[in-house]
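For the record, the sequence lines run as chains A and B. The numbers in my numbering rise by one with no breaks, and the one at position 269 of the first sequence is 378. The numbers in my numbering rise by one with no breaks, and the one at position 245 of the second sequence is 456.
FYI, nobody ran anything at the bench for these hints, they're computed from the structure. Hints may contain errors.
[To be verified] Straight-line distance between alpha carbons at most 27 Å, and here's what the computed BS3-like set of lysine-lysine pairs gives:
1. A:Lys217 / B:Lys356
2. A:Lys217 / B:Lys657
3. A:Lys136 / B:Lys569
4. A:Lys304 / A:Lys316
5. A:Lys304 / A:Lys294
6. A:Lys478 / A:Lys562
7. A:Lys215 / A:Lys136
8. A:Lys562 / A:Lys479
9. A:Lys479 / A:Lys408
10. A:Lys408 / A:Lys316
11. A:Lys562 / A:Lys217
12. B:Lys553 / B:Lys569
13. A:Lys294 / B:Lys524
14. A:Lys133 / B:Lys657
15. B:Lys657 / B:Lys569
16. B:Lys569 / A:Lys215
17. B:Lys553 / B:Lys657
18. B:Lys366 / B:Lys553
19. A:Lys133 / A:Lys217
20. A:Lys464 / A:Lys133
21. A:Lys515 / A:Lys316
22. B:Lys569 / A:Lys133
23. B:Lys553 / B:Lys356
24. A:Lys215 / A:Lys562
25. A:Lys304 / B:Lys524
26. A:Lys515 / A:Lys589
27. B:Lys657 / A:Lys215
[As the list claims (entries may be wrong)] Derived DEER-like restraints, expressed as beta-carbon distance ranges:
28. A:Ser298 / B:Val673: 14 to 24 Å
29. B:Ile659 / A:Lys133: 23 to 33 Å
30. B:Ala662 / A:Ser341: 36 to 46 Å
31. A:Phe268 / B:Thr355: 16 to 26 Å
32. A:Leu137 / B:Met681: 40 to 50 Å
33. A:Leu112 / B:Ile218: 51 to 61 Å
Every residue, glycine too, gets a C-beta built ideally from N, C-alpha and C.
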Amino acid sequence: MSLLLYIFLIPLATALVLVFIPSKQQKLIRSLSVFATLVSSIISIILFLTFDYSTSGLQFEFNRVWIPSLDIRLHFGVDGLNLGLILMGSIVGFVAVSQARHVNYKEKTFYILLLLIIGGILGAFASLDMFFMYALHELALVPSFLMIGIWGRGPRRTFAAFQITIYLTVGAFIALVGLLLLYVKSGASSFDLIKIGSAISQNMINKPDQITISGLLLLGFGILVSLWPFHSWAPLGYASAPVPTAMLHAGVIKKFGLYALLRIVLTLLPEGIAYWANYLILLALGNILYCGWVAMQQKELDKLLGFSSVAHMGFAFIGIATLNPVGISGSLIIMIAHGFLAALAFGVSGSIQEKVGTGIMSDLGGLLKKMPFLGTALIIAMIAGCGMPGFANFPGELLVFFGGWKAHQWIIVAAVWGALVIGAIYMFRAVRSVLHGQTPDRFSNISDITSWKHRAPFALLIFMLILFGIFPYQLTNKFKNQLETIADFSKGNKAIITKSNDLTP
Amino acid sequence: MNLFPIIPEILILAIAIITLLLAVFWDKHPRHYILDLIGLGLVIAFVFSIISPTPNILIFGTNNISNEFTNFFRRFFIFGTILGLGIIGNKGQKTKITSLEFPGLVLLTLIGMMFVAAASDFVTLFITIELVTVGFLILVAFDTKNPHSVEAGIKYMIFGGVSAAFMVMGIAFIYGSTGTLLIKPPTQQIGQALSTFLYIGFGLFAIGICFKLALVPLQMWAPDVYQGASSPVSALLASCSKAMGFLVILKTLCGLGLLENQRWQFFWACLAVVSIIYGCFGASVQFDFKRLLGWSSIVHAGFMALGISTASKPGLIAIIFYLISYMLAVIIAFAIADELEKNDYSVNLSDLAGLFNKSPFAASALAISMVSLAGIPLTGGFIAKFLIVKSILVCAQTNAFFYLPIAIAVLSVAVSVYYYFKVIKIAFWTQRLPNSELQINLNAKKRIIMAFCVGGIILMGVLPDLFIEMSDAVITSLVK
Chain A
110 MSLLLYIFLI PLATALVLVF IPSKQQKLIR SLSVFATLVS SIISIILFLT
160 FDYSTSGLQF EFNRVWIPSL DIRLHFGVDG LNLGLILMGS IVGFVAVSQA
210 RHVNYKEKTF YILLLLIIGG ILGAFASLDM FFMYALHELA LVPSFLMIGI
260 WGRGPRRTFA AFQITIYLTV GAFIALVGLL LLYVKSGASS FDLIKIGSAI
310 SQNMINKPDQ ITISGLLLLG FGILVSLWPF HSWAPLGYAS APVPTAMLHA
360 GVIKKFGLYA LLRIVLTLLP EGIAYWANYL ILLALGNILY CGWVAMQQKE
410 LDKLLGFSSV AHMGFAFIGI ATLNPVGISG SLIIMIAHGF LAALAFGVSG
460 SIQEKVGTGI MSDLGGLLKK MPFLGTALII AMIAGCGMPG FANFPGELLV
510 FFGGWKAHQW IIVAAVWGAL VIGAIYMFRA VRSVLHGQTP DRFSNISDIT
560 SWKHRAPFAL LIFMLILFGI FPYQLTNKFK NQLETIADFS KGNKAIITKS
610 NDLTP
Chain B
212 MNLFPIIPEI LILAIAIITL LLAVFWDKHP RHYILDLIGL GLVIAFVFSI
262 ISPTPNILIF GTNNISNEFT NFFRRFFIFG TILGLGIIGN KGQKTKITSL
312 EFPGLVLLTL IGMMFVAAAS DFVTLFITIE LVTVGFLILV AFDTKNPHSV
362 EAGIKYMIFG GVSAAFMVMG IAFIYGSTGT LLIKPPTQQI GQALSTFLYI
412 GFGLFAIGIC FKLALVPLQM WAPDVYQGAS SPVSALLASC SKAMGFLVIL
462 KTLCGLGLLE NQRWQFFWAC LAVVSIIYGC FGASVQFDFK RLLGWSSIVH
512 AGFMALGIST ASKPGLIAII FYLISYMLAV IIAFAIADEL EKNDYSVNLS
562 DLAGLFNKSP FAASALAISM VSLAGIPLTG GFIAKFLIVK SILVCAQTNA
612 FFYLPIAIAV LSVAVSVYYY FKVIKIAFWT QRLPNSELQI NLNAKKRIIM
662 AFCVGGIILM GVLPDLFIEM SDAVITSLVK
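With the rest of the complex left out, here is chain A (with noise of 0.2 Å):
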């Protein structure tokens, strides 16, 4: 079996596990989980150490006939596209597992469903075949609805529970519908992506169709990634799920709807995304500068990092929509170094909510006396999102900005402007409403996290986007064999075939 099965299997075995170990055994129940999820990011880390990227095509496949009849394949492989989203989302699934020591209320369904949702997004991340790659997906779908329930914060979490799920099941079932639709029109009856590029190259698809699917698709798995403008559930979703829940929804799977274009629509449908694009970078302009303004309005902090989330994957859109390697490869920084810059200002921004019981930023003030290690991790994740060179997000935009330079000047104006000054003011807004000034009295007893063990979650997030923020060669690298064939991409209208060396019939 390849290694990159146990990124997947390990969290999702770890959860029937879980079902037979007595529900009074928490500690037991938890530091499984934690040890599962570490061991799960450890060898991602190994594969993206490991990955040679020298060569361009599938490594670490895996590939077997999962249903005859039509053609289902549980085959598995990383490229560059979705090499270093695997290793955000296991390393992002440890720390929000590490995150869930807050719960304290039937603390071993929680954690099925923690681990349940964690699997599901890594082995959506790694599937090459549509049907498992949907379908795994999905699998965070019930869970998150019983998590923000169940375990949410706020008032409104019974609506945000609801609004969640209808958006991502609607979103989820159009993306479907475009899905069949390609199994259809190519011709290759077969589920499986490598297959379907291989039939495509063969016989394209016509250009009428290309845009009836891609447009499916941009419309299913934009839903999915809070698209303006069916951006509304994301904000209120993630400001009412518990925190773990929040971190694993805006770092990792509203990736999965970036991924897909990726992977789906930009090497499949060329001449479909063409006609799309400029659409799209309208959309996406909407999502940084409506959001962005939205995100200003905010009075609590949850809020705000939802609508500043929502704000950046507009850029992870535009890089898409400059259709070239430039711009396209500043997306995937981009998405990689969001996972991690979500997670962790959700990750803190809960940990501080914990200690101080609010999360409204006018009650809070002069935080970071009080709690020097959290607070200097809200700033880090707050200048981070700003797009300040040395954190990884920098390299993204400004890759993105490069990319959409020459088609679309005033649109990447526009977005520099979302980017540096909308982004600045909301951030530095809340950081001097939450952390500085007065520490008022009703503060006073407040502490800080000590124990290493809390702590290091964070710091490791932190590690990971000075890492990428200093090196990031070490990301580009990965996918810039792949990205190469996509060269001469927004020219031409070959659909691209990743290569598989696996070819179990």
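Since chain A is already given, all that's left is putting chain B on it; use the hints.
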């Protein structure tokens, strides 16, 4: 005559008669073990139906007892009845079902359904369908002291009567045009008969059958009857009776050679779309759990009818798959409804509150059942909808009209997520009113059945191929 192939029928008939005799002469209050013995008998019948040998045995003239299609549905009905009788809880045995007539009648309807599966001429078909309708009529109105139950019975009777009238009229027209009562007339006779009369006849017959499917236009009874009947009866109506309707439709459509006829494709697609919209609107405003399931059964009937409208093998395979996954899911739902029912058989949605705290097992099973009904991946319900949508998409390549049902299906999934997840929400985190204690005490039999159904739903979701292959064999023997 070789009676070996109909041992299941004979066995079940014998049990039914013995049960009814016991009900009259012996004891008015059944003991646990009698229901268990009946269940055991059904299991034996099920085993016999599986090992029944040699294909194409004809009984009573031309009725084919042992092709793959008939056999599948015989097993399906026996199995559904085992599950349906198995979910009668302790409470039901003590308070509601005070007589052995109840299981006896269930067995008689089972016999009826099994002969519907075997029937190959319209007379047998009509008589056996009526046997089932009358049996269910008594079962629905079983608790005569309960006004809801009687109301449901009257509704079922009126709609059943209307449906029978439509069917008889339809059969008359079909007979008039083909000149034979066979469901599968010789080909040259159909060739001569492709006239307006055959269309009118089949149209009337199909509308009559819509009563069994709970499909528009004869769908109105479903919510009231599901609510007014006791849960095991509602479960049987939802699983077996609906499956019987589809069995009849598939058989007659294929037999009369009307399957790949564009007009009928259009007819089914329209009925399906209207049913889906109608059911979604109704289900989203319900406060009674069993009513909700009744409304949603209309939506599911619509989805399955979409499978018919594709007129293609994958579409029909999807129906068989859908029927199995739907049966497993509703059995769980009604098993829980059976525990919570009040004396008038209604289950408010708010009665489910606190279920997660009281019985995590029941709540999880309920959640999986609802998730499967809503069609979320890794459950059987998802694969069923997936197969249906896929087959319609293939259809839409030649006839653009079929993009409409797809759009409706997507919208209906959004609505159905709302009402199914509402059930999950109430079971998992709605607070109970302080003075009402949730009483749920699942007995071992019920637990086993629920665990089995949960396992089945998940198995269908992750290993659908087993079931797709089975459905493929069933449909192949039908359309070959």
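Each hint tested on the structure:
{"no.": "1", "hint": "A:Lys217 / B:Lys356", "verdict": "violated, 46 Å"}
{"no.": "2", "hint": "A:Lys217 / B:Lys657", "verdict": "holds, 25 Å"}
{"no.": "3", "hint": "A:Lys136 / B:Lys569", "verdict": "holds, 23 Å"}
{"no.": "4", "hint": "A:Lys304 / A:Lys316", "verdict": "holds, 20 Å"}
{"no.": "5", "hint": "A:Lys304 / A:Lys294", "verdict": "holds, 13 Å"}
{"no.": "6", "hint": "A:Lys478 / A:Lys562", "verdict": "holds, 22 Å"}
{"no.": "7", "hint": "A:Lys215 / A:Lys136", "verdict": "holds, 13 Å"}
{"no.": "8", "hint": "A:Lys562 / A:Lys479", "verdict": "holds, 19 Å"}
{"no.": "9", "hint": "A:Lys479 / A:Lys408", "verdict": "holds, 22 Å"}
{"no.": "10", "hint": "A:Lys408 / A:Lys316", "verdict": "violated, 47 Å"}
{"no.": "11", "hint": "A:Lys562 / A:Lys217", "verdict": "holds, 21 Å"}
{"no.": "12", "hint": "B:Lys553 / B:Lys569", "verdict": "holds, 18 Å"}
{"no.": "13", "hint": "A:Lys294 / B:Lys524", "verdict": "holds, 19 Å"}
{"no.": "14", "hint": "A:Lys133 / B:Lys657", "verdict": "holds, 26 Å"}
{"no.": "15", "hint": "B:Lys657 / B:Lys569", "verdict": "holds, 16 Å"}
{"no.": "16", "hint": "B:Lys569 / A:Lys215", "verdict": "holds, 12 Å"}
{"no.": "17", "hint": "B:Lys553 / B:Lys657", "verdict": "holds, 19 Å"}
{"no.": "18", "hint": "B:Lys366 / B:Lys553", "verdict": "holds, 21 Å"}
{"no.": "19", "hint": "A:Lys133 / A:Lys217", "verdict": "holds, 8 Å"}
{"no.": "20", "hint": "A:Lys464 / A:Lys133", "verdict": "holds, 26 Å"}
{"no.": "21", "hint": "A:Lys515 / A:Lys316", "verdict": "holds, 25 Å"}
{"no.": "22", "hint": "B:Lys569 / A:Lys133", "verdict": "holds, 16 Å"}
{"no.": "23", "hint": "B:Lys553 / B:Lys356", "verdict": "holds, 14 Å"}
{"no.": "24", "hint": "A:Lys215 / A:Lys562", "verdict": "holds, 23 Å"}
{"no.": "25", "hint": "A:Lys304 / B:Lys524", "verdict": "holds, 24 Å"}
{"no.": "26", "hint": "A:Lys515 / A:Lys589", "verdict": "holds, 21 Å"}
{"no.": "27", "hint": "B:Lys657 / A:Lys215", "verdict": "holds, 25 Å"}
{"no.": "28", "hint": "A:Ser298 / B:Val673: 14 to 24 Å", "verdict": "holds, 22 Å"}
{"no.": "29", "hint": "B:Ile659 / A:Lys133: 23 to 33 Å", "verdict": "holds, 25 Å"}
{"no.": "30", "hint": "B:Ala662 / A:Ser341: 36 to 46 Å", "verdict": "holds, 40 Å"}
{"no.": "31", "hint": "A:Phe268 / B:Thr355: 16 to 26 Å", "verdict": "violated, 44 Å"}
{"no.": "32", "hint": "A:Leu137 / B:Met681: 40 to 50 Å", "verdict": "holds, 41 Å"}
{"no.": "33", "hint": "A:Leu112 / B:Ile218: 51 to 61 Å", "verdict": "holds, 55 Å"}
Of the numbered hints listed earlier, those contradicted by the structure are 1, 10, 31.
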